[in-house]
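Given chain W, put chain G in place with the hints provided.
Number of protein chains: 2
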Amino acid sequence: MILSGTVVVNSDKIIDDGAVVVDDDTITTVGKRNNIIDKFPSHDETQSDILMPGMVGSHIHSVQSLGRGISDDSELLDWLFEHVLPMEAALDAEQMEAAAKLGYLELIETGTTTAIDHLSVAHAERAFEAAGEMGIRGIFGKVLMDRRAPDGLIEETQAGLNETEELIQKYHGSFDDRIRYAVTPRFAVSCTEECLRGARALADKYDGVRIHTHASENQDEVETVEDDTGQRNIHWLDEVGLTGEDVVLAHCVWTDESERTILEETGTHVTHCPSSNMKLASGIAPIVDYLDRGINVALGNDGPPCNNTLDPFTEAKQAGILQKADQLDPTVTPKESILDMATVNGAKAAGFDTVGELKPGWKADIIGISTDNTQATPLNDILSYIVFAAHGENVEFTMVDGEVLMEDNTVTVVDAESIRQDARRAAESLDIKGTRSPTSS
Amino acid sequence: MILSGTVVVNSDKIIDDGAVVVDDDTITTVGKRNNIIDKFPSHDETQSDILMPGMVGSHIHSVQSLGRGISDDSELLDWLFEHVLPMEAALDAEQMEAAAKLGYLELIETGTTTAIDHLSVAHAERAFEAAGEMGIRGIFGKVLMDRRAPDGLIEETQAGLNETEELIQKYHGSFDDRIRYAVTPRFAVSCTEECLRGARALADKYDGVRIHTHASENQDEVETVEDDTGQRNIHWLDEVGLTGEDVVLAHCVWTDESERTILEETGTHVTHCPSSNMKLASGIAPIVDYLDRGINVALGNDGPPCNNTLDPFTEAKQAGILQKADQLDPTVTPKESILDMATVNGAKAAGFDTVGELKPGWKADIIGISTDNTQATPLNDILSYIVFAAHGENVEFTMVDGEVLMEDNTVTVVDAESIRQDARRAAESLDIKGTRSPTSS
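Protein chains in written order, with numbering that gives the first Met the number 0: chain W, 0 to 440; chain G, 0 to 440.
Read the hints as simulated data drawn from the structure, not as lab findings. Hints may contain errors.
[Claimed, not checked] List time: in silico SDA-like cross-link candidates among lysine to any residue, alpha-carbon distance up to 20 Å: (1) 38(G) - 23(G); (2) 169(W) - 132(W); (3) 38(W) - 15(W); (4) 204(W) - 157(W); (5) 432(G) - 48(W); (6) 31(G) - 436(W); (7) 31(W) - 0(W); (8) 31(G) - 437(W); (9) 12(W) - 48(W); (10) 347(G) - 291(G); (11) 432(G) - 370(W); (12) 204(W) - 162(W); (13) 12(G) - 434(W); (14) 31(W) - 437(G); (15) 204(G) - 156(G); (16) 432(W) - 16(G); (17) 204(W) - 178(W); (18) 432(G) - 371(W); (19) 347(G) - 266(G); (20) 12(W) - 335(W); (21) 432(G) - 16(W); (22) 12(W) - 437(G); (23) 169(G) - 124(G); (24) 432(W) - 371(G); (25) 358(W) - 16(W); (26) 31(W) - 436(G); (27) 432(G) - 335(W); (28) 432(W) - 12(G).
Isolated chain W (complex conformation) (with noise of 0.2 Å):
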């Protein structure tokens, strides 16, 4: 297949009448349209605006996608305890899969190709099945807590672990190798030392899982690992193994300048969530800092009960600004630096070498996204358009390991419309329900 269009390659270089050539899951070519197009005649031409790397999704909930709005204009901690997590205890397994495949629907539609993607305690394997035969890419985890935990989330240690296991064997390297695992325990919180410490043995017994958590989101968070363990919660994680070029630490909003040097000499990767932050009042996280350290940073849109979106295009913008306000710099985070934050950095973060750029031999994700609207007119600036003013809503096109999901707005893989209706199914059962329901009059 031949793709044609304006190509961004990466954030250093954008080839104006492009093109890229997909043979089966992988990047053959990628040059001009007219150097390129006589010499495979047999290859069908499919055509967009812009060519670009399909976004990463960094840090995502899923399975939190039947929760959309349900706690607005509250804190983390009350959030997290008092909502979302009676609501993903509350889901049984075909609930689960239908907030997974709402999530995954939202990343495909607007244009996430990789998700390092959090999921529950319970039906984890839904959430596997799902990702794997809509057709993204991401690594994946069975949420661990054996301690404060609602009833319904938390297990006994060594269940948890053992389940983790098994999912590993199962899931790791499966779907071609799109789909991988991340152990993921849900954060120091809610997470003994046998079971952080028992995270860290998994990864290390099988080549390529990672370790994904949550971590210094919080004030109160960090304040209550304190009082556990006497230190900071870097310093913690650090000491039970949970840094590290294989660890993903979502937020770390609230670090001292010795935990950033632990992340800068482990080579810890970090996914910034802007607006989830913000939306929580947890903070504004040190990314600057962070970049002048040469520390990964990745970038993901939470869930949805606190973004209240998965669109990456808009995640991507509040990245680029949040920054500058508050650095009052405006040279801080240049879109060069956000592009790669939403896409070759998060796919490092996820341990895909070859993900991320629109390069020969890389894997073929790709999403086009179209022009021909107001926002990007005049189309002055590529990047710009794409950091700033592009929203999901733009994607016309997502193809990740060579196969096409989405074409001309349609997503093809699966059937959207049913995917929406039985989410709708499954939030009525659950009686879930914000603030200023429907029904409100």
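Below, chain G without anything else, positioned relative to chain W:
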């Protein structure tokens, strides 16, 4: 005409299975559809998923639309004097019209029905005519700059005031009183005392004419005014008459206690432009304090070179979440208050007393938004969807003053594609480019 759907009357009242009856330019009845539909057999019915008051863009620069994305990652005064003002100065009458129409097209498409629009020094009549023809409501003003302005924008003081008065006489109250005048000095930095006092005199002379200017957006601006006048900016504006219930001050990021007291005591309106303030590294405006003081705070997208869209939904979300992060308190800007800022507060700032809510006797400025999309699924909370998840792309119907401007996602009042084409041509002829223009490779 009857419009039916879930009716968001205002932030307090939502009517499920509701309907709004529009006669001429006015809403005559609002209620349950079942109680309404049989009483108006001769009225056509149009359905939307959600009907709500049109958004009010309370500080925009329609005529900067050709400069979308031309100066990303730069600071306000550089951005203004190096990039945006030279572009404004270069626009001839045709190009100014193309720019304004592009801006108004984006407003119509994304659900803004009333604008407080800062034009440019020259060719303001092209924007007035365009706004009048295209059907939007608003207060508009030719810009006054009689010092510290580039060639092509600087005017002799009295010449600018004279032209302002001619425009007031021609356009204030025109197009069935949809179009009104706001005397528009750019900001204190670029206006002499004579100019500012002249602006006040004109507003006093003509009933209903307002004043719209920028104030205390940036620290360098505040220092410049202090160097010029020996006073903090809001004190200076107050001294020369640019505070009061007929004054709209955009931004007000950098104000001290005494200045806030002036804003409060004079009933001056403040327009919050969070994304612009973030992108230009201006800072985070003390909106929570303004709200606590009872100051009327409205919302604005500012201009396409600094936002980079006029989508009022993304701006509402930004306003909703930025203050939470800044104050570390998620309750400071509840979604109800954000909807007020985006609608009725803006109408109040603009001086349209019966705009911004869907109530009998109020103007028929109504938008319809779709919930048939993944980001609205499940629809657990109507206001949450509007404030935190919807984008301008979800607007499917736009009515101003009882006239349908867009229906079924298609702008009916003008040919959208020809406006976009004219804008592209104008940008090309001006050689407007960003740093990563479409032809970079």
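Which numbered conditions among the earlier hints are violated in the structure presented, ordered from lowest to highest? When the structure is compared with the hints, none of them turns out to be violated.
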